[in-house]
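Following the hints, put chain S with the ligand in place on chain Y, whose structure we already have.
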Amino acid sequence: MSVLAFIDQSEGQVKKGAYEALSYAVKLASQLGTTAEAVVLGKLTDDIAALGKYGVKKIYHVADEQLNHLDAQVFADVIAQVARAAGAKIIVLSNNSDGKAIAPGLSVKLKAGLVSGAVALPDTGNGFTVKKSVFSGKAFAHVAIKTDIKIIALNPNSFSITEAGGGNAEVSAFAAAVNTPKVKVTAVNKVKGDVPLGEAEVVVSGGRGLKGPENWGMIEELAKLLGAATACSRPVADTHWRPHHEHVGQTGLAIAPNLYIAIGISGAIQHLAGVNRSKTIVVINKDPEAPFFKAADYGIVGDAFEVVPGIIEEVKKLKGVA
Amino acid sequence: MKILVCISKSPDTTAKIAFTDNNTKFATDGVQWIINPYDEWYALVKAIEIKEKDPSAVIHLVTVGGADVEPVIRKALALGGDEAIRINADTPDSYYVACQIAETAKQGSYDLVLAGKETIDHNSASIGGMLAELLELPYVSLATKLELNGNTVLITREIEGGEESCEVNTPVVVSCQKGMAEARIPNMRGIMAARTKPLKVVEPVAADSFTGIVSFELPPAKAGVKLIPADNPAELVRVLHEEAKVI
Ligand SMILES: Cc1cc2nc3c(=O)[nH]c(=O)nc-3n(C[C@H](O)[C@H](O)[C@H](O)COP(=O)(O)OP(=O)(O)OC[C@H]3O[C@@H](n4cnc5c(N)ncnc54)[C@H](O)[C@@H]3O)c2cc1C
Chain Y
1 MSVLAFIDQS
11 EGQVKKGAYE
21 ALSYAVKLAS
31 QLGTTAEAVV
41 LGKLTDDIAA
51 LGKYGVKKIY
61 HVADEQLNHL
71 DAQVFADVIA
81 QVARAAGAKI
91 IVLSNNSDGK
101 AIAPGLSVKL
111 KAGLVSGAVA
121 LPDTGNGFTV
131 KKSVFSGKAF
141 AHVAIKTDIK
151 IIALNPNSFS
161 ITEAGGGNAE
171 VSAFAAAVNT
181 PKVKVTAVNK
191 VKGDVPLGEA
201 EVVVSGGRGL
211 KGPENWGMIE
221 ELAKLLGAAT
231 ACSRPVADTH
241 WRPHHEHVGQ
251 TGLAIAPNLY
261 IAIGISGAIQ
271 HLAGVNRSKT
281 IVVINKDPEA
291 PFFKAADYGI
301 VGDAFEVVPG
311 IIEEVKKLKG
321 VA
Chain S
1 MKILVCISKS
11 PDTTAKIAFT
21 DNNTKFATDG
31 VQWIINPYDE
41 WYALVKAIEI
51 KEKDPSAVIH
61 LVTVGGADVE
71 PVIRKALALG
81 GDEAIRINAD
91 TPDSYYVACQ
101 IAETAKQGSY
111 DLVLAGKETI
121 DHNSASIGGM
131 LAELLELPYV
141 SLATKLELNG
151 NTVLITREIE
161 GGEESCEVNT
171 PVVVSCQKGM
181 AEARIPNMRG
191 IMAARTKPLK
201 VVEPVAADSF
211 TGIVSFELPP
221 AKAGVKLIPA
231 DNPAELVRVL
241 HEEAKVI
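Protein chains in written order, with this note's numbering: chain Y, 1 to 322; chain S, 1 to 247.
Okay, chain Y solo, but in the shape it has when bound (with noise of 0.2 angstroms):
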């Protein structure tokens, strides 16, 4: 009996999500006194041994290159043969784009109970319960996994990433049969220097406040100031000022991030049930009667072509940039 982290990558390069992952497992495998392992598919460039500094003792190599491409078919019967020959009873993946993709298939093919969702550490006093975030974020459910195995597929920016303080793992080459993918990958495309949304700590946000899309470029301007992903409001997406996968909010995505700042954002509730799980939100609006104030942990009344530069100046004076 093990705890199996899925590590997944992207163009070969370990994604945030997999640390969390992996860090989830090892703190979950010592609460039931077992061990983490974890597996990888496909090539990577990333040191897949320097792992082990996160607390892993073993990985499991599937280095088909077939599987440097999603296809999710495919992954989830790769992780499944995996977790079967490592005898895991429980799996983590990240509940980020990858995750989504796998955990469900996988699921089904090992009849494993799956809560994905996950915002903490599994209760395993009385059973086994995940507590995961629902209602888009505005309450939590506690879910009992009765199968025999179990997945847990973790919300990204719910869990702290943590070495562990141990060597390299060891590195164990696993010869899975991997089926021809259905899902042909013809491009990837990535905006090249930027921060991820959901994966984003800090996130510097604007709504219809901002009265045009000329006016971004103060807000891009603080979100690279402070190493932020750029996000919007929904009308803000839909009037095609800024593009959709910017739009956070109950039917966008939805997001944790350490500090959101919002600026000119009403504060709408199905704006609120996709951000209210930042940790410290900033609320940057002329109108004090603005809902968000409501949800906000620091606020300026006050108009953002004002305020804006100057919290501008400010971070640049804390950064040292000239």
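Taking lysine to any residue pairs in the SDA-like style, the calculated list, with each CA pair at most 25 angstroms apart, reads:
id: 1; chain 1: S; residue 1: Lys-106; chain 2: S; residue 2: Val-69
id: 2; chain 1: Y; residue 1: Lys-109; chain 2: S; residue 2: Ser-109
id: 3; chain 1: Y; residue 1: Lys-182; chain 2: S; residue 2: Asn-149
id: 4; chain 1: Y; residue 1: Lys-43; chain 2: Y; residue 2: Gln-13
id: 5; chain 1: S; residue 1: Lys-222; chain 2: Y; residue 2: Gln-270
id: 6; chain 1: Y; residue 1: Lys-184; chain 2: S; residue 2: Met-1
id: 7; chain 1: Y; residue 1: Lys-279; chain 2: S; residue 2: Asn-232
id: 8; chain 1: Y; residue 1: Lys-184; chain 2: S; residue 2: Glu-163
id: 9; chain 1: S; residue 1: Lys-145; chain 2: Y; residue 2: Asp-238
id: 10; chain 1: Y; residue 1: Lys-111; chain 2: S; residue 2: Glu-136
id: 11; chain 1: S; residue 1: Lys-226; chain 2: Y; residue 2: Asp-303
None of these hints come from the bench; they were simulated from the model.
Please read these numbers as outputs of a predicted model, since none were measured by experiment.
Relative to chain Y, chain S with the ligand alone:
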């Protein structure tokens, strides 16, 4: 082209989230039920767009639930779709629901099965992927674009920090999200037509459930906002750096 669209009901986005029975049940009193936005705006409207280009396409809608979901499925039919199937069962967990839909999907031999990326109440993002595995079909999740070229489906899906394009042949299961299609409002003609479209009720097959909700919990209330004067941005930067330690 035969398309199956999975439809779930969900509470209206403004519904008050509260729980009863010692926090074991969602308080449904006064809650308005809508079509889960991802199912409606993206999966269903995408299917309708396909049919507008190719009138020979057939769209079936499927939902799992009691008679109380019929207004929701009628509303979906008012937007489009040729007929609906309601599988008359409770929804104990995603696996049970996916098993029910899989049974219907097998009988209809569909080329394309579309689902929303997740529901806005359970946020489990599981039905599409489980269904694909039960049907032994490929699965593409979080699709933001979809085009048909004969039997080939060209899909763009979201990944961290960008997007990925892929090709897959039908039959395939796809989960849909923003970008796929523009939300529509049903018109009078659609609403009238929906009244006479077939809505078949079928009984569930035997299936397990793997998980069960034990209880719910609301997040702790925020302590209250600390206001900072508009003319003192330095103070905001200081508290974020020194108190909150987030920059
Ligand atoms: C089913 C459904 C789902 C939805 N899902 C989402 C979702 O996922 N995400 C989402 O965001 N919305 C969603 N919405 C929309 C939501 O209800 C709101 O309409 C939307 O969030 C409002 O966007 P906004 O705050 O940018 O604009 P507005 O509500 O117009 O607010 C603009 C704000 O800017 C302030 N402002 C104006 N000028 C300035 C200035 N110069 N300086 C500072 N502040 C200024 C105003 O005081 C105001 O508070 C959904 C709605 C429905 C019905």
